[in-house]
Structures are given as structure tokens and as C-alpha cells.
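Residue numbering for the sequence shown follows numbering that gives the first Met the number 0, starting at 0 and increasing by one per position.
These aren't lab readings, by the way, just hints derived from the structure by calculation.
Certain hints may be false.
To be verified - Under the rule of at most 20 Å between Cα atoms (straight-line distance), these lysine to aspartate or glutamate pairs were calculated in the EDC-like manner:
id, residue 1, residue 2
1, K48, E229
2, K48, D36
3, K399, D120
4, K399, E182
Stated by the list, open to error - Cβ-Cβ distance ranges computed for the label pairs, FRET-style:
id, residue 1, residue 2, range
5, S498, D418, 53 to 59 Å
6, E323, A468, 45 to 51 Å
7, D439, S498, 33 to 39 Å
8, E506, K530, 25 to 31 Å
9, K478, E631, 18 to 24 Å
10, D514, V45, 17 to 23 Å
From the three backbone atoms N, C-alpha and C, an ideal C-beta is built for every residue, glycine too.
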Amino acid sequence: MALSVKEKVYHSLYPALALPECSVWHLVFENPNAPKDDQVVFVDGVTHKEMRFGELRTLSTRLAYGLLHRTSLGQDDVILAYSPNSFLYPAFVQATQAANICVTLANPSYLLAELTHHIRDSGAKVLVVGQGVLPVALEAATACGIPRTDIYVLEDDYSGEQKSVWSLMGREELEPRRLSSEEARGRTAFMCYSSGTTGRAKGVESTHFNITSVMLQTIASEPASYTRRERWLAILPMYHIYGAMFFMFLSPYCSAITYILPKFDPVLWLSSIEQHKITCAHIVPPIALFLAHHPLVPKYNLTSVSAWGSGAAPLPLEIAVLVEKRTGVPVRSGYGMSETTCVVCGTPGYNDKPGTVGGLVPNMQAKLVPVSEKDLLENGGDGRGELWVKGPQIMKGYWKNPTADRDAFGDDQHGKGQDRWMRTGDVCVIDEDGDMFIVDRVKELIKYKGFQVPPADLEDLLSKHPDVADVAVIGVELKEQATEAPRAYIVPKPTADISTLHVTLAEWVASRVADHKKLRGGVRLVQSIPKSESGKILRKVLREEAKAEGAAGIKAKLAGRWPEDIAPEISSLFPYLRNNGLLLDLSSYPGGFEVYDRYFERTSNGFQHKPRVQVIKITYGNAHITDRAVLERFYNAIKDYQSIVISNENLGGDPKPNVFKEFVIEYQNLNNIDNRCIKRRRMREGETLDFGWDIKEVLWGAHPFIWSLDKFPKAFESLFWALDHDSDVLISGENMDCDPSPGRGKHCWITYSDTHHNGSRYDMIEGHRFRFTRRWGEPKKEGECVVM
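Make the full structure from the sequences, and use the hints.
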């Protein structure tokens, strides 16, 4: 609990705004500066179909009439949307606002249990779903007792058994009812779901006044970005508060043209920016990481972009610097949450202060409440603490959850949300200029690439596994992906097989949750979970251990006890292991084993540490290289799956000046005990040697032909990006750079390998998505070394 102190109240430095009290629909469509009816406001980024402002208004009022007169919905009911980004998604949501029906937005990656919880918790009576996720929606609706007649498909070209939601339209148009001041402030317009500072996902009630206020606050904090005809690219999910606010409400209000993409695809995203001359690209930290490092980026003309707008999760400063240096365009970070209807702070174009998320938007107040004795003694409640905020965009509350409201608003339980102080769960510093810096987190919430992962959801699931006695879940930082990911700490039952339990649990969870909730931070087996006297999990203790682990460069901790004959190097490297009671039986590893990416080989003196890769020989211009610094440089590149340029500088000199030279490297992979993975690479001077993935062969077409990197560079870049980021790629003519047999279904064969394996061959059909997996993280077969 926050310490008691008289806190300083910070006020926005912007002039206060006179905020309207009306419905969202009336603000958008009765705006005196609204687009003309024939102006394009939305474009399908794949099919290039256009929607004009007048069409958006007509679709919204006609569908609103159908929702109220041709379904079981009343104005006090809830309708649920469950779909990826779609060209018609904004028009559907505007229709719910015209009808004054509360719409709740569900994550399209939800699986059955997650969607069922969302439907039951929100009390939704009607579902509108994307056809790609219809099977899950039908199963969840059955579990919740919703008849199939109350399930509609969002796409207008759907031809299956369910009806399209647009079949509810006739020629009748609803005249949207005007709201009184009290209704605008108190009536819930839509609900995103959030974990808040603790617990499972809860419905965040955003009122009409919340939404209309934050639209005007956002514009007032950076008017130059919203007064011209902007061109935006919508890849952020529209079910998320960030995507919903900017693409469904703010975009048509400020006359922007928004190009809608279903998801982030590197080639499609970059080519769309170039083709449509996008002026502002709304991104999240993983996309910023892509901009900072990926070789595809310089191949596209991105000069139309005046700003990268980053939100949804903290962006590391070093990534922002790299993006600006590489693209010449600054990254503007903001701060907000679902409970603040997206926005608390914004960074105007003239603010170049590193690391800041900007200052408070108009009509906002903030205070910093000390969260520790140290904060209280050093700052006296001024300068650093947990951020509490008050303003017109603060949520009404959590849907039918007074316990969560008490946690969010503390003792300030009187009045509406916008009149109360709300805790954010984030620890901040505010400098003398009023600029805010997020420095830590009090709340339990995990954010994987901007998507919320409530620890309680995973803990509840894992507690049901027959081998789990106790569990705690925290977020751990994945620096290479500029995000955090969930990690589970497990106390196994005595009957559990601990040699495989970490792998078994990770796979078991992955089969039952949405993609962003997978245990990418790993599974740790421990003797006990740290808890307070009242039984509350002390996540801070686990987070501090994980941070110390990362600082030491150790990738994982395994609770266990080592045999007496263990090599001194191991016992000194992992002192943590000696303090726990679990036994790791090394007798089952006759040749050797791996722990934390370190390989240990059994010798007559016990186990000795050996590098997982070993440089055997380097020859450059027929000269055998023995320089230790050069050998270490190549060893580190192999070890970290990095690339290195074959140059005189990297090779310590030029044995044959002015002569074009060949480079040959032989290296060995010690993941296999019998050392079968000896590699030999022959390169030319100036080429780049990549020790990561290796795409050996790609065949594509009805009568397959072999791709070449020279002829189809974009295609190979798409595959390499998917490989490097454990992602997927669409098998299509566009991503393959060509269509060898137009109008005919094609096969694609990809043979690829990594530095640890000889290769795998996969056969896909056009239109499928191909996911690469990092096979060196999988359990090895019996007789091979074991990755712990």
C-alpha cells in the first residue's frame, strides 16, 4: 500500500479545454470541420477498397437501426466484437455508438476459455465476429448459452451458414438520440478489457464523455499533427484501446485517411508506407526494433513519415535513438492505459528530451505517491512515486466489479471516475519541465509486445495441471525483442517428472491460451513461492531475482542440488542451485549436457565447461589466421548467431593487398556429442557471414523453380525476418516477389537449417502461413545433450 504523505499535485501545462457533453457519434459526425461526404476516410490496405465519410455515416445509422429493430438487443445491452482488423470494423463500432449500445472488444487471438470468460463477464447478448475466428466464437457461444441466431459475421462478403451483420441493414436510418449531460458522463460507450493493477482481465467502462474528451485532449496537445490531411496506417489491433481510439474515432474526426491492414507483415507494411505516402505511423516497441535493425527497411522510401508514434508499452531509449538515426524521423512516445481511455501524456514534436513520455494532456492532474520508505525519505512525496491521475478521460469504473474499483480508486470512492484519483501502478519521475519518465512498475500486469497478460490468468490455468503444487507468474525482459514475456515459477508435486516438466508445462499452456500469453520467458522449477504472511505472492522478490539473473548474463535458473563430484567451475557459476533441495541426476548424461547455453562435457575429473561452438580454422587469402582477437571475434559471432563482414578490419590485416581474396572458416557445433556438426564456409571478401539461420533452397510454383537471392531479394528478406523473430510468413505471390502461374494454386517448398541442425524441408500451399520454430530450444533425443 502507498505510504501516507501530502503529495504535490501536478497540473497540465496546456490551457484547460471546454469539453462537450454529447455522444461519440454526434461529436464525430457533427464536427464543423468534419470531412466532406465524398472524402475518403478508410481504405482496405489489401484490396484497396475505399470508404467515404458520407458512406461511413450512412452505414452507421442503417446498421444501428437494424441492431435495435432486428436483433434481441436493447440500449442497455452489450454486444461483443471478436475480429482481427477489418475494413468494416470502424463502421460497425460507429453503428453501436449511433444506437447507444455498449460494445465490448475481444482479442481475436483468444482461445475458447478466454473468449468464454469475456462473454460471460461482459454479459454480451450478441456476437459479431470475423469469419476467420468464427469456429471459436461458435463454440464459446454454445458454452455461454447464446443461440446461433445471435452470432453475426463482420465481413459483408461472407457466404456461410451464419448471417453477416450487414444483412441487418435496410433502407431505414436511425436518428441517433442526443444524450443529456448526465447520460454522456455516465453511459458506457464501449469496454476494452484490462487487468488493471492486479487480477484477471476486467471490463473497463469508457463513457461517451471519456472518449470525446480524450479525442480533443489528444488533438490539443499536438494540433499541428491533426489539422492537415493526415495519412495513417492501421496495423495496431483495433480491439486494443490504442487502435480503437486512433483508428475508429480520432481518424474520421480529424479527416485522416486510414489504410487498414489485418496485421503486421513486414513487406506489406513498408510497401504501404511507400505507396500511400503515410505521414504518421503508429507503432509499438517490437516494430520500433524492426525499424532499428532489419535489412529490409533501407530498401523502402519512408520519407513521407514525419513521426513514429510509439505506445502500448515502454520503448527502450536506445531503440528510439537507433530508429531516428536510421530513418531520420523521431519517435514520439506517449503514455496511457485502457483505464485512462488511452492517453495521459503525449510528446509534442518540439520535445526532444530522451526517454520522456511527455507532459500531461490538457485538463489532467497527477500526483506521485511514495511506494517505499526510501522514496518517502529521499523525495518526501515529490519527484518520484506511483503515478495517480485525475481527469475527464478516467474510466467510469470496472464492469460490475466493486472490488477492482476499490483497488483502482483507493479511498476516493465518491463521484464519477473523472472526478476521482486513480492509481496507475506505474512508478514515475516528473522533472521541473513537467515531463514524465516511467521508471518502474508496481502493478502485476505483464505486457508482451503491447498486449496485456494478467499473471492471474496463467496462474489459474497452471494450478489445474496435475503436476503443479504451487505457481507464480511474472514478466521478464526480453531485450532482443524490446518487450517482456511471462515466466512461470513452479513448485512441482512429488510425483512430477522434473526432468521434462518445464517443457511439458510450456507446451500445455501454449495449447490453451492466446499467442501473447505463451510462456516465452520460460518455466522455472523452485522449492517454494515467496509469499507474505497473508499468503500474497511476493512478485517483487521474483522480479528482482530475474533482473539479477539478466545482469549476470545468465539465461535461466534451475533449482536443484549438484552431486559432490561436480566441476568447481559449475558450482561457482551457479551458487543458487546449491541452496535448494531438488536433485538433478547427472548420471543420465554420459557424454555431457547444457545449462544456460553453456556446454559441459564429462571427463575423468567430472564435468568441464566447453564452448558450445568452437572455431577450428580460419584462412584468409591462403594465410592461416592465429590472431586470438580475430578468433574471438568470430567465436562470439557464432555463439550469438550474429553476422560479421569479411573485411580486413575484422580479420586483423590484409595478407595480400589489392588482391581479391577468399575466406574459409571451419567451425564446430558442440550441441551434438559426436561432433557431427562441423561446418565449412567459403566466402568472398566484402560478403557478410551469417551464423544464424540458413535458407538452403526455396521452390515455388505449380511447376516449381528454384528461387535465387539475387533475383528475389524481398522474398528472402521476408523469410529471414520470420526466421529471426520466431514469426510466420504468408505464402503468397506478393511475399514471394512473383507469381509463376497466375490463377493457379501453387506449392512452396522451403529447405532450411540452423547452426545446430542439418535442415528441414516443408511443403506449403499458397495462402497458408508458414511458422518457423527455433529448433535448438526443443528437447534433444535420448543420447544427445539436454538443454536445461
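Hint by hint, here is what the structure shows:
| no. | hint | result |
| --- | --- | --- |
| 1 | K48 with E229 | holds (18 Å) |
| 2 | K48 with D36 | holds (16 Å) |
| 3 | K399 with D120 | holds (9 Å) |
| 4 | K399 with E182 | holds (18 Å) |
| 5 | S498 with D418: 53 to 59 Å | holds (57 Å) |
| 6 | E323 with A468: 45 to 51 Å | holds (49 Å) |
| 7 | D439 with S498: 33 to 39 Å | holds (37 Å) |
| 8 | E506 with K530: 25 to 31 Å | holds (28 Å) |
| 9 | K478 with E631: 18 to 24 Å | holds (22 Å) |
| 10 | D514 with V45: 17 to 23 Å | holds (21 Å) |
In terms of the numbered hints stated before, the structure departs from none.
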